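Position chain B relative to chain C; hints supplied.
Protein chains in written order, with my numbering: chain C, 7 to 463; chain B, 697 to 1136.
The hints are simulated quantities; they were obtained by calculation from the structure and are not laboratory data.
Since the structure is predicted, the reported quantities are computational estimates derived from the model, not experimental observations.
One or more of the hints may lead you astray.
[Claimed, not checked] Simulated crosslink set (EDC-like; lysine to aspartate or glutamate; CA at most 16 Å straight-line):
1) 219/C - 1036/B
2) 941/B - 793/B
3) 941/B - 1070/B
4) 1111/B - 244/C
5) 1113/B - 1070/B
6) 1092/B - 1076/B
7) 752/B - 763/B
8) 847/B - 901/B
9) 195/C - 439/C
10) 219/C - 194/C
11) 1113/B - 132/C
12) 1111/B - 439/C
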Amino acid sequence: MSRCCNEFSRSSLLRQAVAEAGSGLPVIEPGMPVAAGTGLDRRDVLLRSAGLALAVYGAGALSLPGFEDGILDAAEAGPAQPVLVSVFLDGGADSLSLLAPVADPDYRRLRPRLALPDSGLVFSEDTRLRWHPAAAALRTLHLEGKLTVLPTVGYTDADQSHFTSRHYWEVGATNPGLRTGWLGRYLDKAGRPDNPLQGLSLDGELAPPLATKHAPVAALRGADGYQFWAPGVWGEVESEMLETLGPLGRGRGAGDRALASISGVSTEAARLRNQLAPFNGKGFGSPVVYPKDRTGFPQKLAGLAALLAGGLPLRCVALRGHGSYDTHADQADDLSEGLRLTGESLLAFQRDLEARGLADRVLTLVWSEFGRRGEENGSRGTDHGAAGVAMLMGSRARGQMIGELPRLHDALDRNGNLKPSVDYRSIYTSLLEQWFDFDAAAAIPNAKAFRRVQLVR
Amino acid sequence: MYRGRFGPKQAERLLWRAGFGPRRGEAEALAKKGLDGAVHELTRSGGQRFHGPAPKDERGRRIAPRDAWGHDHLWWLDRMVRGNRPLMERMTLVWHDWFATSNEGVGSQGLMLRQNALFRRHWLGNFKELTLAVTHDPAMLLWLSGTENSKWSPNENYARELMELFTLGAGRGYSERDVREQARALTGWRNDWREGVGPTRFRFDRERHDLGMKRVFGRRGRFGWHDAVRLCVTHPRHPSFFVPKLWSYFIPVAPPRATKASLERLYVRNRYAVRPVVEAILRHPLLYDGPRMVKPPVVYTAGLLRAAGRGIDTESWTWLCSNAGQQLFYPPNVSGWNDERWLDTATYLARWDIAGRVTRPAALDPNKVQAPYDADKLLERALGFWGDPPLAPGTKRVLHRYTQRALARANSNWKRKSYPALVENSLRHLIAVSPDLQTS
Chain C
7 MSRCCNEFSR
17 SSLLRQAVAE
27 AGSGLPVIEP
37 GMPVAAGTGL
47 DRRDVLLRSA
57 GLALAVYGAG
67 ALSLPGFEDG
77 ILDAAEAGPA
87 QPVLVSVFLD
97 GGADSLSLLA
107 PVADPDYRRL
117 RPRLALPDSG
127 LVFSEDTRLR
137 WHPAAAALRT
147 LHLEGKLTVL
157 PTVGYTDADQ
167 SHFTSRHYWE
177 VGATNPGLRT
187 GWLGRYLDKA
197 GRPDNPLQGL
207 SLDGELAPPL
217 ATKHAPVAAL
227 RGADGYQFWA
237 PGVWGEVESE
247 MLETLGPLGR
257 GRGAGDRALA
267 SISGVSTEAA
277 RLRNQLAPFN
287 GKGFGSPVVY
297 PKDRTGFPQK
307 LAGLAALLAG
317 GLPLRCVALR
327 GHGSYDTHAD
337 QADDLSEGLR
347 LTGESLLAFQ
357 RDLEARGLAD
367 RVLTLVWSEF
377 GRRGEENGSR
387 GTDHGAAGVA
397 MLMGSRARGQ
407 MIGELPRLHD
417 ALDRNGNLKP
427 SVDYRSIYTS
437 LLEQWFDFDA
447 AAAIPNAKAF
457 RRVQLVR
Chain B
697 MYRGRFGPKQ
707 AERLLWRAGF
717 GPRRGEAEAL
727 AKKGLDGAVH
737 ELTRSGGQRF
747 HGPAPKDERG
757 RRIAPRDAWG
767 HDHLWWLDRM
777 VRGNRPLMER
787 MTLVWHDWFA
797 TSNEGVGSQG
807 LMLRQNALFR
817 RHWLGNFKEL
827 TLAVTHDPAM
837 LLWLSGTENS
847 KWSPNENYAR
857 ELMELFTLGA
867 GRGYSERDVR
877 EQARALTGWR
887 NDWREGVGPT
897 RFRFDRERHD
907 LGMKRVFGRR
917 GRFGWHDAVR
927 LCVTHPRHPS
937 FFVPKLWSYF
947 IPVAPPRATK
957 ASLERLYVRN
967 RYAVRPVVEA
977 ILRHPLLYDG
987 PRMVKPPVVY
997 TAGLLRAAGR
1007 GIDTESWTWL
1017 CSNAGQQLFY
1027 PPNVSGWNDE
1037 RWLDTATYLA
1047 RWDIAGRVTR
1057 PAALDPNKVQ
1067 APYDADKLLE
1077 RALGFWGDPP
1087 LAPGTKRVLH
1097 RYTQRALARA
1107 NSNWKRKSYP
1117 ALVENSLRHL
1127 IAVSPDLQTS
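Bound-form chain C, shown alone:
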């Protein structure tokens, strides 16, 4: 039996094929990565990246337009390019469990069965709050000043449909008709016309925040998953065959919309294949150990770090976090499992970036479509709420709480849901300006209406 509500399942736009579930990125081969600082110095890393690039560049037959651009882009502008990773907690994560107000007299009244014990990990910025026991990794990041927490983020008159509220977050406006994502609109303005890697979805299908109008973006299942296999063809014939992908798609021109879309996608697929060729069949060389699991979330992050280390020109990346957060029933177990693996994977990703010297270039935004009802329901779960929790991780994240969780007596609206202390578009506009040095008004409708918050240091 499904443990989530009906309406939720129809909103799962990024559902992965069950047959493919868990294939994700391959597990890191034991012993293969050389830990940072133990024999592999920075120069080696750089040489290795250059070696990768050269191996491809030097193969001669690979001369598709755009490939050289991609490498050049990475080599010249790469290190300075900031990267934003969007991690979506699907289903509406319960902020009152992630940071539990154990000292609040109303907490136990609202959550007689689900309340967390007082003896938890203290949240250093507000000692009334305790981290969820499964969120120890997040607490570590927070204590190091690398995690900004927004305990009550949302928007006024929150829509309690997964479908709609998630859409609002994805497009960066409370406008059901908007067809481009907030990051997609940024890429349309600031991106390149020839680099699909600038907007990369790691869940196999286009992640809606990255949906653009013009700029090419890409979706893949994993850094080593983009391989074209041809039965009964190999060697030189196969190389010639795969070089024909792009020309074949463009062969009969772009006379109408269908032909134009084939022509465009063949060109992008051919370019992507070349850009990712260095990763095929090789490990990621991760300098840290990622948690193991079936869903591939940690493997995707490991692959992402390797792509960045390889100098590929990524700018905005989107994927789903581990777990199902639509906890209408028996919340405790589901939430623990989701939070633990998501938190531990994020910590490993941060350590990986630090070891590879990339940590100053990457910020990771963790968000969910809404929070949950203050009061628990009759099934040891919680129903859809309003304001929820978001986090921003990275060495350049300011690391100080934005907004607040007031006394529950004052924090709940008349429906018993948390009121937002920060609008989610405050995060978007502030990130665009502070991280991408980009005019937020060009991507977020009515940008001036949202208070800017200091997110980046």
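Chain B alone, transformed into the frame defined by chain C:
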């Protein structure tokens, strides 16, 4: 009404738009009947027959569409591949997309297949009857909370989608109040849950139905579920929703204003019968002269299997089609598949894999087969593998150039012997992913 030439080329396009493409020789045979004869054959053909062996998995076992994951997809794909009533399958697919129900929320392949039989029964029937039947179809009752909708706690889920997605269109001729009142009219359905069986005994229960007065579209009455559907289908703005939506499944540009108006009149005059509208669309010049359409993933897959003369002999089609963006019985949401999003870099790779899987069992072994060291002949042979589909000159040119380049790589005796077979294999694959075969 299309008055141009109706030759094999036009017949081929008709077979793609109203079905899953031709088997070997079918386009020529259909062309001989002329346009009217061809449309008649598609819309009025007799009983269902299947050509070729029954579907099975890799190990030769029969498929289990009600029980095994993904076998529901195989079961329907098989009907598309082997059946002789392509338009019936295609209309069933249209209704599956129109009243998009996903097993993700229903959780019963048996109930999904039951809904599929409903769609098939009403394929070119009456839209009002179809909508009435859908309204109390068990899968739909579960999917859009129909059995959770009672007079004590109304649930607006079905009422809203009935108007927004099935009959009127968002913001067209109804208010939030109509949604609430229609939800009341639709109250009364319920089901039981039995351990080991799941949801069962779907029925109307008067006790749960709200007998009070309702006000819908400005009319007052003690409306029930029949009325709720009737009020939507007879709403003055329903025909202008129905016609362009149905049209869009066959022709990728909007109908001209006059055509749209006359189809709406035709639809109302025939008391919401679907058949005359579909017949008129299939005879419209824009189907033959208009722009090409990207084939939906299952149409593409079924079509390649038909052209190659292969049946269902592996379970792979389920996850391959899913990767390409279309697993049957799992539309992404209640508004169906987004046919503007069939192609991106990930689904393109999936289509490449589908083409490779179709050709794999027949791949030539260069140690056993010697193919001609001749570009023209290799291309001709590879086209023959797919039943000689027409290719545009531009596509042929690219393939020809590739063939010459690949053959030129053979700089030794053994390569001159073995490369032609490899090239022929690769040409079959490349033809299948060419723009010509991915669109119709």
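Exercise. For the pair supplied as a hint, residue 195/C and residue 439/C, confirm whether the alpha-carbon distance does not exceed 16 Å.
Key: Holds, at roughly 14 Å.
Practice problem: Take the C-alpha atoms of residue 941/B and residue 793/B, compute the straight-line distance between them, and say whether it is at most 16 Å. | Solution: holds, 11 Å
Quiz item: Holds or violated: are the alpha carbons of residue 219/C and residue 194/C at most 16 Å from each other?
Solution: holds, 7 Å
Exercise. Take the C-alpha atoms of residue 1092/B and residue 1076/B, compute the straight-line distance between them, and say whether it is at most 16 Å.
Key: Measuring from Cα to Cα gives roughly 10 Å; hence the hint holds.
Quiz prompt | Agreement of residue 847/B and residue 901/B with the hint, judged by alpha carbon distance not exceeding 16 Å | solution = Holds, at roughly 11 Å.
Practice problem: Would you check the hint for residue 1113/B and residue 1070/B, treating anything up to 16 Å between C-alpha atoms as holding? | Solution: holds, 12 Å
Quiz item: Straight-line Cα separation of residue 1113/B and residue 132/C no greater than 16 Å?
Solution: violated, 77 Å
Quiz item: Within a Cα-Cα threshold of 16 Å, do residue 219/C and residue 1036/B meet the stated pairing?
Solution: holds, 13 Å
Quiz item: Regarding the pair residue 1111/B and residue 244/C, is the alpha-carbon distance no greater than 16 Å?
Solution: Between residue 1111/B and residue 244/C the Cα gap is close to 13 Å, so the pair holds against 16 Å.
Exercise. Mind checking the alpha carbons of residue 941/B and residue 1070/B for me, to see if they're no more than 16 Å apart?
Key: Answer violated: residue 941/B to residue 1070/B is near 48 Å, above 16 Å.
Quiz item: Has the given pair, residue 1111/B with residue 439/C, been kept, meaning a C-alpha gap of at most 16 Å?
Solution: violated, 59 Å
Quiz prompt | Restraint check for residue 752/B with residue 763/B, where alpha carbons must lie at most 16 Å apart | solution = This hinted pair holds, its Cα atoms lying about 14 Å apart.
Checked against the numbered hints listed earlier, the structure breaks hints 3, 11, 12; every other hint is satisfied.
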